[in-house]
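Q: Here the protein sequences come in this chain order: A and B. Just so you know, we're using the working numbering here: the first sequence kicks off at 1 and counts up by one. Just so you know, we're using the working numbering here: the second sequence kicks off at 1 and counts up by one.
Careful, some of the hints might be misleading.
[Said to hold, decoys possible] Simulated crosslink set (DSBU-like; lysine-lysine; CA at most 30 Å straight-line):
no., chain 1, residue 1, chain 2, residue 2
1, A, Lys-121, B, Lys-109
2, B, Lys-111, B, Lys-67
3, A, Lys-157, B, Lys-111
4, B, Lys-54, B, Lys-36
5, B, Lys-109, A, Lys-157
6, A, Lys-157, B, Lys-36
7, A, Lys-157, B, Lys-67
8, B, Lys-54, A, Lys-157
9, A, Lys-121, B, Lys-54
10, B, Lys-67, A, Lys-121
11, B, Lys-36, A, Lys-121
12, B, Lys-36, B, Lys-109
13, B, Lys-109, B, Lys-67
14, B, Lys-67, B, Lys-54
15, A, Lys-36, A, Lys-26
Simulated from the structure, these hints should not be mistaken for laboratory data. The model shown is predicted, which means the values in this text are computed figures rather than measured ones.
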Amino acid sequence: MDRFEHDYNRWLDGMMEADEAEAFEKSLPPDLLDDKPAWSGVSGALARVAKSETVPHADFLVSNVLASITPTAPRRSAPSLFGLVWAGAACLAMAAGLAAWWLPNVYQAPARDSFVSRVLKAEAMAPGLAVYTFQGPDERSAIIWTEGVPAIPAARKVQ
Amino acid sequence: MRSLAALLFAFALSLSHVAQAGDSVWSALVLATNEKPPAAVPTRLENFAPTIAKVFGYNSVYLLGHKRQDIDDGTESWLVPSREFFFQVQCLSRGETFYEVRLNLFQEKTKLFTTEARLARNAPLYIRGPQWGDGQLILLLEIR
Numbered sequence: 001m002d003r004f005e006h007d008y009n010r011w012l013d014g015m016m017e018a019d020e021a022e023a024f025e026k027s028l029p030p031d032l033l034d035d036k037p038a039w040s041g042v043s044g045a046l047a048r049v050a051k052s053e054t055v056p057h058a059d060f061l062v063s064n065v066l067a068s069i070t071p072t073a074p075r076r077s078a079p080s081l082f083g084l085v086w087a088g089a090a091c092l093a094m095a096a097g098l099a100a101w102w103l104p105n106v107y108q109a110p111a112r113d114s115f116v117s118r119v120l121k122a123e124a125m126a127p128g129l130a131v132y133t134f135q136g137p138d139e140r141s142a143i144i145w146t147e148g149v150p151a152i153p154a155a156r157k158v159q
Numbered sequence: 001m002r003s004l005a006a007l008l009f010a011f012a013l014s015l016s017h018v019a020q021a022g023d024s025v026w027s028a029l030v031l032a033t034n035e036k037p038p039a040a041v042p043t044r045l046e047n048f049a050p051t052i053a054k055v056f057g058y059n060s061v062y063l064l065g066h067k068r069q070d071i072d073d074g075t076e077s078w079l080v081p082s083r084e085f086f087f088q089v090q091c092l093s094r095g096e097t098f099y100e101v102r103l104n105l106f107q108e109k110t111k112l113f114t115t116e117a118r119l120a121r122n123a124p125l126y127i128r129g130p131q132w133g134d135g136q137l138i139l140l141l142e143i144r
């Protein structure tokens, strides 16, 4: 909007002082001078029609309008670090639980006894010989203890 | 969580002790004596010396002879760690982590005893033999 339009609108709306309006009218071409009475009629009609009315129960109306334009679903906020940590811990716990339940089904660990050497039976075959068996101190080795085997003279080679 | 850890431990242990094709049985003839100071333990007997000391009461060990033989189901084999003693070994069955064997121990032509034993890998069988001079002869048998 240029300066002329600005002043023209002020003149039409009757917002100029009398001396300013008089000076402005002198600068106007004659065809524009006729605009003011026509515009006065229009603005007078608008002023009569566009009267503000007081709405009864305005608060109720406002609350209804707000309710109608407010989203029904709550806005989702970004997950917090605390929530992510808990979610991770829950996933780990679930994985451990599944492994504890699943591993024994697919893999049967041998019994501890399977890793132990053991004498099942022993029988002396030579006269005067006795045989005893027991477990070693580490519980994995086995001992056969013979009694009555004749000693070998030191001079004799056994290798 | 503790049971899971125990399960994983047992799994790891079993992997290193599972009986498998290619296993062999190692036999040795050892002389155990008491000396001051104790003699150095031969490398091959480092794992056995503590048990020999604890069970038989000797602080020094000497390896007189040893022999290694492949072990197979059903077959009979002879282990001759020395010319004085030898084993006749028959594998009766094989488990996941052990062999069941029948053993006959001979001293020259005399059968001393017969035994059936379950031998797990790296869990030796110690056999107390006769006295030899001032020392004690001990026979070892181990699945490797």
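Q: Failing hints, ascending?
A: 11 and 12
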